[in-house]
Amino acid sequence: MVRADKKKNTFMSETTNGSTAKNDNQSIIRIEDLKRDFIVGSETVHALRGVTFNINKGEFVAIMGTSGSGKSTMLNILGCLDKPTSGHYYIDGVDAAVCSKDQLAEIRNKKIGFVFQSYNLLPRTTSIEQVELPLLYNSNISAKERRERAEHALELVGMANRANHTPNQMSGGQQQRIAIARAIVNDPVILLADEATGNLDTRTSYEIMSLFQKLNSQGVTIGFVTHEPDIALFTKRQVMLRDGKMMKDNLVDTQSAQAALEALPASSDY
Amino acid sequence: MNLSNLLKVAWDAILRNKTRTLLTILGVVIGIASVIAMVSIGQSSSQSITNQVSSMGTNMIMVMRANQRRGGVSMGADNSQSLTISDAEKIKREAKYISYVSPLVSAGGQIVNGNNNAIGTLQGGSVDLLKIRKFDLAAGSNFTEDDVARYSKVCVIGQTVIKNIFPDDTLNIANVVGKDIKFKGIPLKIIGVLEAKGSNSMGQDQDDIMIAPYTTVQKRFIGNDYLQMIYCSASSEEVAEDAVTEVALLLRENHKLLDHQFDDFEVRTQAEMLSMMNSMTGTLTTLLAAIASISLIVGGIGIMNIMYVTVTERTKEIGLRMAIGARGKDILLQFLIESAILSLIGGVIGIILGLILSYVGTSLMGMPFVVSYTAIGVSFVVCAATGVFFGWYPAKKAANMDPITALRYE
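Just so you know, the sequences run in chain order A and B.
Sequential numbering from 121 applies to the first sequence in the working numbering.
Sequential numbering from 7 applies to the second sequence in the working numbering.
Honestly, the hints are just simulated from the structure, not real lab data.
Here a beta-carbon is modelled for each residue, glycine too, at the ideal position from N, C-alpha and C.
Worth double-checking, as some hints may not be accurate.
Claimed, not checked - Each pair of labels, with its calculated beta carbon distance range:
#1 Val304(B) <-> Gly170(A): 55 to 63 Å
#2 Ala263(A) <-> Ile297(B): 40 to 48 Å
#3 Leu32(B) <-> Lys177(A): 50 to 58 Å
#4 Leu32(B) <-> Gly170(A): 32 to 40 Å
#5 Val304(B) <-> Leu381(A): 32 to 40 Å
#6 Thr25(B) <-> Lys177(A): 28 to 36 Å
#7 Met371(B) <-> Ala263(A): 37 to 45 Å
#8 Thr25(B) <-> Arg169(A): 44 to 52 Å
Construct the entire structure; sequences and hints are all you get.
Next comes the structure, spelled out in C-alpha cells:
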C-alpha cells in the first residue's frame, strides 16, 4: 500500500480550508470536493455535490443529516465501501479514490473499524471469536496475538466476562459493546459508527455513548453518523449535511454521557 | 487471508449450522455409499465368477465337434462324428504345449442303488480327466490305464450323487468306496469319491457327476467310437494360445482337411469363457455404477442448493466480512472451502457406509468381499470435485456482492 506520510504535512497545509474548527497537521482524513452520483434508470442522482472537510486525530465527529442528505453515502465513502465519482479522499495519507477493490478491502481491514446500528454480529459465535474476526483477514497476525488483542479489546469495552457468550445470550447494549470491541481490535485510524445507538433505549444509548467518549479520550478517532441531535451532543464536533452539501461544521459544547446517565430518572431503570 | 485462517473461518461456519451441515452431507453420503456399494458388489460377483472358472482350470482347452458337411449337406454339430480317439491320441503324442489329454464321451441314464435312484450322466474320460478338470479325490482312488484298456466297470462319483443314492452315507463318504451301483442296469464299482466343488457360475452343480474310463462308456453304454469332446490341458497358462493353434493344426492334419475346407471342430479355452463372463459382469457393474452416480449428482446438486440458500441467508454476514476487510477472493474461497469440506466429510462417511453395505451385501449373497480401491479413489476425487464444482456458483455469487447492499440486506 502506498504510504504518503512524508508528503502529508506539506500537502495538508496547502489544502487547508476554514471549514474545520480545528485544523493542524494531525488530519487523518481529508475530503476534497467529494462528489458521488448514482445513475438510477435514466436519471442521475447527486448524492454528494462537492463536500470538503478534514478529520484530525483524536476527534469525535458527528456526521448529521436527515435521510436523503447524503450522510449514508458519505459514510460508505469514508468507510472505503464505496468510491467517489470525483474528488479525493485521503485516509492516513492514502487516496482511497484511486484504490482497487482489494486495496480498499485492505484499508478497511487495517485502518477502519465499523459499528453498525444492528450490531451485525455473527449468529452462534462467541464474543471472543466475533472480536477476532477482523484480525483473521490479516495474515501478519498470529493466532496468539489475535487472541490477546481480542481479549484486550473486550476489556476496553468492559465485556471481558462475556468472552464466551453468543449474541443470543446478550442484551442489545452488550451486543453493541462486542461490536465496538470488534471495531477497535485492529487499532483503526478511524472508528466509524452508523446510527450505533439507533436500536437502543435511552439509558443503553447513553451507556454506549459513554463508552465512545471513553475510547475517544484514550485517543480513538471517531466518526459518528446519527440523525439524533441529543446523541450528537456527546460528540466534540458536528458536521451537518443537507442535499449532498455541507450545511455547517461546528464544535459542540460536549456533554458527558456518564453525567447524562446519572441524571436519568431512576424510574427508567429496569 | 492465509489458508489456516480460511479453513478456520469455513470450519466455524460449518459448525455453526449443524442441521444444515448434516442435511447437506446426507446427500453426498448416499451418493458415494451407493456408488461404492454397487461397484463393490459388481466386482465381487465378477470375482466369484473368475474364481469358479479358474477352479475349473485356466489351462483347460476344449475341442468340440463342429458342423460337419457330407456332400454339401450340413449335419449339425451334435450329430457330428468328427472327433475320434485317434485325434486324442495324436494330440497326446505330438503336441508340445499340451500336458494332459482326455477324450470325453457321456451317456445319460438312471443310477440305482437299492431303493434309491437318480437320473445322471456318466462321463467317460482318460486317467487325466480329473487332473484337467481339477477334481481332487476325497476318498478312494482314480481308475488306471489298465481299467481303460480292459473297459473296467468302475467309476468315480461326485458328492451330489452320493447324496441322491446313498442318503445314509453323506456324512461318511468313504463308506461308499467299494460299493456297487447300477447305471442303466449295468453294475459299476465305486472306486473313488470326488471333493465337493459346489455349483459353477452358471448355477450348474459340479458335484452331480460320475466319471468312468471312456472305453467303458463307449463299449458298454453307447456302442460307438466317436467322441463328444476332447479336453486338453496346456502345460502353462502362457502357452495356452500356442497350444490352441497347435491342437487345431494337428486335428486338421488328422482329418486330412484341405486348405479351402473349414474346420470340422472348434477349439475353446477357459480364458475365452472367462473374458466373456467378465465382459458380462463388467457391463453389469458399469450399469450399477451409472445408476449410483445419478444419486451422487443429486447429492452434488443438494450441496449447490444448500450453498445457494446459505449465500442468500448469510448476505449480511458476507457484507460484514467485507466491511472488516475480506476481499472478494477471501469470500469466494471461504464458501468454496465450506462446500469442499461438506462434500469431503460426506465422502468419507459415504465410503465407510458403502464398504459396510457391500460387506453385508456380498456376505448375504455368499460372494467374496472385494474392496474396490478404484471406486474409493474415484469417489473421493469426484466428491471433492463435486464440492468445488457445485460450490463455485454460489461462492462466486457471494464474492461478487456489493458490501453496501449486503450490509443493508434484511
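Here's how the hints hold up against the structure:
{"no.": "1", "hint": "Val304(B) <-> Gly170(A): 55 to 63 Å", "verdict": "holds, 57 Å"}
{"no.": "2", "hint": "Ala263(A) <-> Ile297(B): 40 to 48 Å", "verdict": "holds, 47 Å"}
{"no.": "3", "hint": "Leu32(B) <-> Lys177(A): 50 to 58 Å", "verdict": "holds, 55 Å"}
{"no.": "4", "hint": "Leu32(B) <-> Gly170(A): 32 to 40 Å", "verdict": "violated, 58 Å"}
{"no.": "5", "hint": "Val304(B) <-> Leu381(A): 32 to 40 Å", "verdict": "violated, 59 Å"}
{"no.": "6", "hint": "Thr25(B) <-> Lys177(A): 28 to 36 Å", "verdict": "violated, 48 Å"}
{"no.": "7", "hint": "Met371(B) <-> Ala263(A): 37 to 45 Å", "verdict": "violated, 52 Å"}
{"no.": "8", "hint": "Thr25(B) <-> Arg169(A): 44 to 52 Å", "verdict": "holds, 50 Å"}
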